[in-house]
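Student: Using the hints provided, position chain B relative to the given structure of chain A.
Protein chains: 2
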Amino acid sequence: MKKQIHLLGFAQNSVAPHSPGLWRHPKDEGQRHGEISYWIEIAQLLEEGKFDGIFFADVYGVYNVYRNSYKPGIQHAVQSPLHDPLLTISAMASATKNLGFASTISTTYIQPYYLARQLTTLDHLTKGRIGWNIVTSYLESEALNLGLKGKINREERYARAAEYMEVVYKLWEKSWEDGAIVADKESDTYTDPEKVHAINHKGKYFEVPGPHISNPSPQRTPVLFQAGASSKGRDFAAKNAEAIFCVQHDVEGMKAFSKDVRSRAKQVDRNEDDILIFPAMLPIVGSTEEEAKNKYKELQSLLSYDGAVSILSGHLGVDFSVYDPDQYIENIETDAIRGVFDLYVGGKKKWTIREAVMHRGLGNESVKFVGTPEQIADEMELWMDEGDINGFNINQATTPGTFRDFVKYVVPELQKRGRYRTEYEGTTLRENMFGKGNIQLADNHPAKKINISVPTLQ
Amino acid sequence: MKKQIHLLGFAQNSVAPHSPGLWRHPKDEGQRHGEISYWIEIAQLLEEGKFDGIFFADVYGVYNVYRNSYKPGIQHAVQSPLHDPLLTISAMASATKNLGFASTISTTYIQPYYLARQLTTLDHLTKGRIGWNIVTSYLESEALNLGLKGKINREERYARAAEYMEVVYKLWEKSWEDGAIVADKESDTYTDPEKVHAINHKGKYFEVPGPHISNPSPQRTPVLFQAGASSKGRDFAAKNAEAIFCVQHDVEGMKAFSKDVRSRAKQVDRNEDDILIFPAMLPIVGSTEEEAKNKYKELQSLLSYDGAVSILSGHLGVDFSVYDPDQYIENIETDAIRGVFDLYVGGKKKWTIREAVMHRGLGNESVKFVGTPEQIADEMELWMDEGDINGFNINQATTPGTFRDFVKYVVPELQKRGRYRTEYEGTTLRENMFGKGNIQLADNHPAKKINISVPTLQ
Numbered sequence: 001m002k003k004q005i006h007l008l009g010f011a012q013n014s015v016a017p018h019s020p021g022l023w024r025h026p027k028d029e030g031q032r033h034g035e036i037s038y039w040i041e042i043a044q045l046l047e048e049g050k051f052d053g054i055f056f057a058d059v060y061g062v063y064n065v066y067r068n069s070y071k072p073g074i075q076h077a078v079q080s081p082l083h084d085p086l087l088t089i090s091a092m093a094s095a096t097k098n099l100g101f102a103s104t105i106s107t108t109y110i111q112p113y114y115l116a117r118q119l120t121t122l123d124h125l126t127k128g129r130i131g132w133n134i135v136t137s138y139l140e141s142e143a144l145n146l147g148l149k150g151k152i153n154r155e156e157r158y159a160r161a162a163e164y165m166e167v168v169y170k171l172w173e174k175s176w177e178d179g180a181i182v183a184d185k186e187s188d189t190y191t192d193p194e195k196v197h198a199i200n201h202k203g204k205y206f207e208v209p210g211p212h213i214s215n216p217s218p219q220r221t222p223v224l225f226q227a228g229a230s231s232k233g234r235d236f237a238a239k240n241a242e243a244i245f246c247v248q249h250d251v252e253g254m255k256a257f258s259k260d261v262r263s264r265a266k267q268v269d270r271n272e273d274d275i276l277i278f279p280a281m282l283p284i285v286g287s288t289e290e291e292a293k294n295k296y297k298e299l300q301s302l303l304s305y306d307g308a309v310s311i312l313s314g315h316l317g318v319d320f321s322v323y324d325p326d327q328y329i330e331n332i333e334t335d336a337i338r339g340v341f342d343l344y345v346g347g348k349k350k351w352t353i354r355e356a357v358m359h360r361g362l363g364n365e366s367v368k369f370v371g372t373p374e375q376i377a378d379e380m381e382l383w384m385d386e387g388d389i390n391g392f393n394i395n396q397a398t399t400p401g402t403f404r405d406f407v408k409y410v411v412p413e414l415q416k417r418g419r420y421r422t423e424y425e426g427t428t429l430r431e432n433m434f435g436k437g438n439i440q441l442a443d444n445h446p447a448k449k450i451n452i453s454v455p456t457l458q
Numbered sequence: 459m460k461k462q463i464h465l466l467g468f469a470q471n472s473v474a475p476h477s478p479g480l481w482r483h484p485k486d487e488g489q490r491h492g493e494i495s496y497w498i499e500i501a502q503l504l505e506e507g508k509f510d511g512i513f514f515a516d517v518y519g520v521y522n523v524y525r526n527s528y529k530p531g532i533q534h535a536v537q538s539p540l541h542d543p544l545l546t547i548s549a550m551a552s553a554t555k556n557l558g559f560a561s562t563i564s565t566t567y568i569q570p571y572y573l574a575r576q577l578t579t580l581d582h583l584t585k586g587r588i589g590w591n592i593v594t595s596y597l598e599s600e601a602l603n604l605g606l607k608g609k610i611n612r613e614e615r616y617a618r619a620a621e622y623m624e625v626v627y628k629l630w631e632k633s634w635e636d637g638a639i640v641a642d643k644e645s646d647t648y649t650d651p652e653k654v655h656a657i658n659h660k661g662k663y664f665e666v667p668g669p670h671i672s673n674p675s676p677q678r679t680p681v682l683f684q685a686g687a688s689s690k691g692r693d694f695a696a697k698n699a700e701a702i703f704c705v706q707h708d709v710e711g712m713k714a715f716s717k718d719v720r721s722r723a724k725q726v727d728r729n730e731d732d733i734l735i736f737p738a739m740l741p742i743v744g745s746t747e748e749e750a751k752n753k754y755k756e757l758q759s760l761l762s763y764d765g766a767v768s769i770l771s772g773h774l775g776v777d778f779s780v781y782d783p784d785q786y787i788e789n790i791e792t793d794a795i796r797g798v799f800d801l802y803v804g805g806k807k808k809w810t811i812r813e814a815v816m817h818r819g820l821g822n823e824s825v826k827f828v829g830t831p832e833q834i835a836d837e838m839e840l841w842m843d844e845g846d847i848n849g850f851n852i853n854q855a856t857t858p859g860t861f862r863d864f865v866k867y868v869v870p871e872l873q874k875r876g877r878y879r880t881e882y883e884g885t886t887l888r889e890n891m892f893g894k895g896n897i898q899l900a901d902n903h904p905a906k907k908i909n910i911s912v913p914t915l916q
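Protein sequences appear in the order of chains A and B.
Going by this note's numbering, the first residue of the first sequence is number 1, and it counts up by one from there.
Going by this note's numbering, the first residue of the second sequence is number 459, and it counts up by one from there.
Possibly wrong hints are sitting among the right ones.
[Unchecked claim] With a cut-off of at most 30 Å between alpha-carbon atoms, the simulated BS3-like pairs for lysine-lysine come out as follows:
(1) Lys643(B) - Lys27(A)
(2) Lys826(B) - Lys185(A)
(3) Lys195(A) - Lys485(B)
(4) Lys643(B) - Lys368(A)
(5) Lys151(A) - Lys555(B)
(6) Lys555(B) - Lys97(A)
(7) Lys643(B) - Lys202(A)
(8) Lys607(B) - Lys204(A)
(9) Lys555(B) - Lys27(A)
(10) Lys555(B) - Lys127(A)
(11) Lys660(B) - Lys195(A)
(12) Lys643(B) - Lys151(A)
(13) Lys866(B) - Lys185(A)
(14) Lys607(B) - Lys151(A)
(15) Lys174(A) - Lys609(B)
(16) Lys906(B) - Lys149(A)
(17) Lys607(B) - Lys174(A)
(18) Lys97(A) - Lys585(B)
(19) Lys653(B) - Lys204(A)
(20) Lys609(B) - Lys185(A)
(21) Lys607(B) - Lys149(A)
(22) Lys204(A) - Lys643(B)
(23) Lys149(A) - Lys632(B)
(24) Lys662(B) - Lys149(A)
(25) Lys127(A) - Lys653(B)
(26) Lys894(B) - Lys185(A)
(27) Lys662(B) - Lys204(A)
(28) Lys753(B) - Lys151(A)
(29) Lys408(A) - Lys653(B)
(30) Lys643(B) - Lys293(A)
(31) Lys609(B) - Lys149(A)
(32) Lys149(A) - Lys653(B)
Source of the hints: derived by calculation from the structure; they are not laboratory data.
Okay, chain A solo, but in the shape it has when bound (with noise of 0.2 Å):
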């Protein structure tokens, strides 16, 4: 059998999360995003495509650094108004049956007590159809809105997120033992205490007593998923995450991605294929190459410069708005900015910032597959074989618009060609990406490896 493609969509509580200024689209419904309705309709579409999951972005800030103000974001609907997406979910689930539910929470801002608890019921509430995105968070104004003076340093951030990881695995995979609720009328006995342990983690961030509040769920540890694309980030990845997300706009630098990410797994005794590995990728979908190219450009016409470049500002903690749009990227003098865009743009300097800020904007970093479905099958398989992918998290430009496409037009060409699932493997998340069976995490993951000292809080 072929190699087979795995499919996330891309989604925010929000209007137009990953295209600023698409909201303008005629038949974009994104000002729909508080109600229950519109969750479950993408929810349901999804499942109809077959995809493995809906991945939640999330930050707990507005985007502020452009023009050093929180008005541009809040006029352009930068990820602005956001709700919360983990307070969706029971109900997508409760109109669907296999589809996963990934979602990003952050390591600096919730307490891990907290969010175990969080991840357990939705685990629960689903039958063990939840993922994670870990995040350690990269907005100052997060920072300051949620009880800290400032944004923590990259490396203490993730200083913290890995003892964050020793306390979460213990409360999941080590606090309740397999069968520890007995429910035993006679005895008087729901839960066996004996099977039941205080994690006791003492550590330089964290002291957590435990026991874990809740039951294991069909899961236990949620789906990991990761996305730093830093050094530290890769490193963080290699040891915890069982899927990344990343960005790539070529299949050459796929490819050394995907080949470094193995190879650091490979590292911390790791098996190269243990990480699923999903590109970010927005398909514009035509019947034929024109009518696509012609999509394109419409979108690209009801972008919003402003919006996008303060998403840009916002990621990379740099006010954009003291350059020029119209000067060209090669004549900026800061080589970190010149080497930012080289990332987006492959290299092609001769770029203006306005030019290469739009380029950008549109599905926000994700790499543009333009054409016929059999077009984007092909570029889908290249990437798949020559970029040593598992598959895509397809981001959107219009909502649903984008996703309602693909799953007319490019699922069916990806099936037909026998790289797609006709049917889900399992009724949990890990098992629809790594198979039947595979319920929970493999036993060589770190979180199976850890012990928990004897209880002494008893």
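Tutor: Below, chain B without anything else, positioned relative to chain A:
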């Protein structure tokens, strides 16, 4: 029209939360609390019974005061295992139209900026059916697991909570003006940034620049519930609460409590009837008085003493294992402990500890109304009129058996007497509690009078 009775259904996302041991009842379904279908069934049942809402208790830690160990609590399913109630709400909302959802969230462990988004999100998803039970938390095990060195004393908790409310009021009521979202395609303006304000809160406990990350929901501020019984708690409620949960055991005590709360409300320039008062009540219905009494006995026989005393020890922070359960309360040397029992058994000091604990344990402190539908309705009317209350927080012995019996037998009796709605007044929780058109906080509520300073974060 006779003064109308309002009803809330008291729940928690655990097995037999307020009647330890009752999971052993042959018809109890609490073990299904991890399933979405369980919560949808309960929500539909309460909506069929025209309840104002379902009210979720919650804690973030295990009960480990009794015997200085978490083991008795774990063994007897004392609010354990416990899942997150907020995450069930969107599923219940998608299966109902009018029922409200009020959940307990602590001001001590969740950052106000994060909580504000959670509740705004849910109020959007439910189209205005959200309430918040404001608690400051009492379990040491919560503090230790959630990043504190130990429990904060009551004085400090309430001072912190007062400032917390200021922060969330600013976010909900003052950060986004009405009509801020204009979705004007011509000017590429989704939100008018001049109508969105930073709150620039700088206080003793919190610094929150804002603006709120989410646009205003139908109710803006969720309906505010509170349950503090201490003098500090009552003052807090008088200032902030729109509804109070309380525990009283006879109509005289109820009357005194209501008088006290209503006079405190007047002292802070609110009206006597701005606060709805809901005592906890466990209804045990029979077709005859004898049948009801036998049912009470049967339920008592399934109550777990160790479970009930674990929960009491946790509530009071006193390890009752040091006392012989069969000693008379009047012989206990500690005044404070005797005083506590006075509260539950109405000064009948010839009770043993065991008798008092078992009496208290069924429906966790609730007053018990045991009898025919007519007798229960009589008692409810008496409390309404003499006790000067607005309704009841209906507790359960078996779940959802108690709700089922109440909806089937008592609700029609109340309707027959003209004491209870046959149709909902509105679609938001606040309208169903305060009448059609009262969607947002009353103008005389302190939250409406808060000023935010001129934004400095531009």
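Student: Evaluate each hint against the coordinates.
Tutor: These are the hints, each one checked on the structure:
For the proposed pair Lys643(B) and Lys27(A), the alpha carbon gap of about 13 Å is at most 30 Å, so the pair holds. Distance restraint check for Lys826(B) and Lys185(A): the Cα-Cα separation of roughly 25 Å lies within the 30 Å cut-off, and the hinted pair is therefore satisfied. Taking the CA atoms of Lys195(A) and Lys485(B), the gap is near 27 Å; set against the 30 Å cutoff, the hint holds. Note on Lys643(B) and Lys368(A): the hinted pairing holds, with a Cα-Cα distance of about 25 Å set against a maximum of 30 Å.
Of the pairs offered as hints, the one joining Lys151(A) and Lys555(B) is violated, with about 42 Å between alpha carbons and a cut-off of 30 Å exceeded. Restraint check: the Cα-Cα separation between Lys555(B) and Lys97(A) comes to about 23 Å, which is no more than 30 Å; the hinted pair holds. Simply put, Lys643(B) and Lys202(A) have alpha-carbon atoms about 54 Å apart, too far for the 30 Å limit, and the pair is violated. At most 30 Å may separate the alpha-carbon atoms for a hinted pair to count; Lys607(B) and Lys204(A) meet this at roughly 14 Å.
With a C-alpha separation of about 28 Å, the suggested pairing of Lys555(B) with Lys27(A) holds against the 30 Å cut-off. Straight-line distance between C-alpha atoms of Lys555(B) and Lys127(A) comes to about 25 Å, which keeps the hinted pair within the 30 Å bound. A hinted pair counts as satisfied when its Cα atoms are at most 30 Å apart, and Lys660(B) with Lys195(A) does not qualify at roughly 46 Å. For the suggested pair Lys643(B) and Lys151(A), the alpha carbons sit about 35 Å apart, so the restraint of at most 30 Å is broken.
For the hint pairing Lys866(B) with Lys185(A), the CA-to-CA distance comes to about 29 Å; that is within 30 Å, so the pair holds. Proximity of Lys607(B) to Lys151(A) is assessed by CA-CA distance (about 24 Å); at most 30 Å being required, the pair is judged to hold. Using a Cα cut-off of 30 Å, the hinted pair Lys174(A) and Lys609(B) holds, with the two alpha carbons roughly 26 Å apart. The straight-line distance between the Cα atoms of Lys906(B) and Lys149(A) is roughly 29 Å, inside the 30 Å bound, and the hint therefore holds.
Annotation: proposed proximity of Lys607(B) to Lys174(A) holds, straight-line Cα distance about 24 Å (limit 30 Å). About 25 Å separates the Cα atoms of Lys97(A) and Lys585(B), which keeps this hinted pair within 30 Å; it holds. Among the hinted pairs, Lys653(B) with Lys204(A) is inconsistent with the structure: their alpha-carbon atoms are about 43 Å apart, more than 30 Å. About 35 Å separates the Cα atoms of Lys609(B) and Lys185(A), which puts this hinted pair outside 30 Å; it is violated.
With a C-alpha separation of about 21 Å, the suggested pair Lys607(B) and Lys149(A) falls inside the 30 Å cut-off, and the hint holds. Note on Lys204(A) and Lys643(B): the hinted pairing is violated, with a Cα-Cα distance of about 51 Å set against a maximum of 30 Å. The straight-line distance between the Cα atoms of Lys149(A) and Lys632(B) is roughly 24 Å, inside the 30 Å bound, and the hint therefore holds. Our distance criterion of 30 Å between C-alpha atoms is met by Lys662(B) and Lys149(A), whose separation comes to about 14 Å.
Our distance criterion of 30 Å between C-alpha atoms is broken by Lys127(A) and Lys653(B), whose separation comes to about 43 Å. Of the supplied pair hints, the one linking Lys894(B) and Lys185(A) is violated, its CA atoms being roughly 48 Å apart against a limit of 30 Å. For the hint linking Lys662(B) to Lys204(A), the alpha-carbon distance of about 26 Å falls within 30 Å, and the restraint holds. Taking the CA atoms of Lys753(B) and Lys151(A), the gap is about 59 Å. The hint is violated against a cut of 30 Å.
Between Lys408(A) and Lys653(B), the direct Cα distance comes to roughly 41 Å. Violation of the 30 Å bound is thereby established for this hinted pair. A hinted pair counts as satisfied when its Cα atoms are at most 30 Å apart, and Lys643(B) with Lys293(A) qualifies at roughly 23 Å. A distance of roughly 24 Å separates the Cα atoms of Lys609(B) and Lys149(A); the hinted pair therefore holds under the 30 Å criterion. The straight-line distance between the Cα atoms of Lys149(A) and Lys653(B) is roughly 27 Å, inside the 30 Å bound, and the hint therefore holds.
Checked against the numbered hints above, the structure breaks hints 5, 7, 11, 12, 19, 20, 22, 25, 26, 28 and 29 and satisfies the rest.
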